[in-house]
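K.L.:
Fit chain P to the supplied structure of chain X, relying on the hints for placement.
Number of protein chains: 2
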Amino acid sequence: MIQAEIITIGDEILYGQITDTNTQWISSELDKIGIRTIRKSSVGDSEKAILEIFEESSKRAELVIVTGGLGPTKDDITKKTFCKYFNTELVINPQALADVTAFFKLRGRELSNLNKGQGEIPANATFIQNTMGTAPGMWFEQDEVVYISMPGVPFEMKGMMTLTLLPKLQEYFKTPSIFHKVIRTVGIGESYLAEMIEMWEDALPKHIKLAYLPSVGNVKLRLTGFGEDLKTLETQVEEQFQKILPTIQEYVYGFGNDELEEVVGRLLIKNKQTVSVAESCTGGYLGHQFTKVSGSSAYFIGGILSYDNAVKINQLSVKEETLNTYGAVSEKTVIEMSENVRKLMGTTFGLATSGTAGPNGGTFEKPVGTIWIAIASEKQTITKQLTLGGSREQNIHLTSINILNLLRKICL
Amino acid sequence: MIQAEIITIGDEILYGQITDTNTQWISSELDKIGIRTIRKSSVGDSEKAILEIFEESSKRAELVIVTGGLGPTKDDITKKTFCKYFNTELVINPQALADVTAFFKLRGRELSNLNKGQGEIPANATFIQNTMGTAPGMWFEQDEVVYISMPGVPFEMKGMMTLTLLPKLQEYFKTPSIFHKVIRTVGIGESYLAEMIEMWEDALPKHIKLAYLPSVGNVKLRLTGFGEDLKTLETQVEEQFQKILPTIQEYVYGFGNDELEEVVGRLLIKNKQTVSVAESCTGGYLGHQFTKVSGSSAYFIGGILSYDNAVKINQLSVKEETLNTYGAVSEKTVIEMSENVRKLMGTTFGLATSGTAGPNGGTFEKPVGTIWIAIASEKQTITKQLTLGGSREQNIHLTSINILNLLRKICL
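The listed protein sequences correspond, in order, to chains X and P. Using my numbering, the first residue of the first sequence is number 1, and each one after it goes up by one. Using my numbering, the first residue of the second sequence is number 1001, and each one after it goes up by one.
Bound conformation, chain X alone:
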């Protein structure tokens, strides 16, 4: 397998001022095309440190991927350091300069001298277009090692990798055939899932590997087949999946890059159904989960953020009596919220959330993490109580995942 090293440049990552999410994403993308990451390193904005790590990495790996240090300011020294490393100079790249000029023109802003510098790259570099920003990407080859330099801004880096670099790497390294399939599950923890599929996992053929990819509220299972013929691999991986699918079916919400909110959106479109939300503890987060999906206006009509009880009463017609007797965090309240928002907005479904996201506001009877959710439709209103134990952020996120998954099951 082709071996790669990933280098992150920047004091802000080295000193822990910002989180590095790039290297995880890059290594996971490389993994998918059969390139193995053998080391990740992070160094500061220091010429000496950068030169040293270039030297070391190029001795161990055939591919050295560098992110960061490409901004227009003085502490961004990656380009200059590449020049020193390759013993060359910065030259204006017409395409890079045209791109940065167009970028500013499109935004009605003038090109400053500092930003004009973004049009320069080392003389031995191949320019890699950045469709999302002004820092150019670069591809170098020397002594049978490929060096790639990308900006550290995650969406700029991802755009470059996806559009240009991953295909280019596959072609350049003639990487072996590899086939992935990802099953996405919700509502079951990693260790339970692992126990459930243990026998199947142990019986997998040697050239097919399983990886667990857990995140808050979700576990993804990825099967990867390595071999010569892609068609054969695809069939073999698919066969293995078909063996295990019935066992875990109830937790499976999608495959590949499917996000839960997209899966729900597609079901709503297919069924010609619409949705509205009445949010208390999620405070807009649930609406955002729907509306961050492009095209969601086909099924997401709107919602009421009834954070204050007055809004529950005035805009959602929740009975004062209900709030006084059972409290805002109660089954009765979410039932009224969901049914009333559904009627108000004339949608197929009305979704409601109410709970104590924390860290404050818990009581002995209703501790932090006590959340009620409800989904109303013409026929019935379904409710569920959640008992969550995470941070405020996690509790809001998990509430949203739970109600989306409940809606998914209803829509199936």
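FYI, nobody ran anything at the bench for these hints, they're computed from the structure. Just so we're clear, the structure is a prediction, and the values are computed from it rather than from any experiment. Every clue listed holds true.
Only pairs whose alpha carbons sit at most 25 Å apart, straight line, appear in this in silico DSS-like list of lysine-lysine:
1) P:K1168 - P:K1231
2) P:K1343 - X:K319
3) P:K1220 - X:K116
4) P:K1319 - X:K343
5) P:K1181 - X:K74
6) P:K1181 - P:K1409
7) X:K292 - P:K1292
8) P:K1206 - X:K74
9) X:K79 - X:K59
10) P:K1319 - P:K1384
P.N.:
This is chain P only, laid out in the frame that chain X set:
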């Protein structure tokens, strides 16, 4: 300054299956006690790779911090590899064994042979207690380099660092004084800010360093002073900040760890003001920015997600004529949305957003990224048109930052 390297051991991080949050946390804690991280590395569960990185790191740094690979299973080889590196053997540590035995007893579980192994550490190691789990921490000294080994589970590692290791490191290394101050800006790009403060930056004394920490919509400026006396440093850093503050004042929204939505929340509390939102293109994201702050119920009353025009008309009383004549993405529409939601919810301010977040739905006259925002108060309604060029996610985020910052300025 004492120089440290941080090493993460484990295939799951190397191949991008899980996110490494440990190294960020560790380097940021070291930074606070004046220990400088000079490199971070991540290697797999391979004896060769681990020995190599131990060798390299100990040549560059006086402190080598290692996390991961301490679990009881076969693929966790950190302890054995330390033995090989130090040419020693695993021995039972009475304290470690007592701790792991007690851990299982407390949970009513029997100690398996696999877990009994957790009581062993290399003969030259000082045992560091793990109050949160079963993998022991270790402290080694050799040739004037300190090596620390900790489990990879974040809360176990954090417990060990906070309770034992950070105080021990401060004492051992007699660390110098260091003082940080962070200014947070919004509404100006990194390069414009850099040009604006260039002369000041160039004139900074050598022992005070400036770093730019950009993220989408924000740029943080961090000044770090190094020296002997903390009081003197604090005064010196503060003096430098006071010199530049008037120049950039209009962009400064906070200091240190202040988030924009928290700053706005504090202003609203101080002024005894309340807020409601009428969201079209942000679809709940703006409400979430307010409500993700603990205690936001003091000023955030609620909102209407008027994604569909029917909701704008029925729940927000936007005139059909306005929508027909000017369209949903127009100044007139956001004026009515903001004024009407304010009246509906009886708040000091009513905030409204309407625009085309993309990637689809743009027209020649109103391309993707055309966004109108408005803030209504008793006295007046302020509007602003944004022209954004990012992804859907970014356009939503930037719209939210823009309206929060506008509200901040009004509240000052």
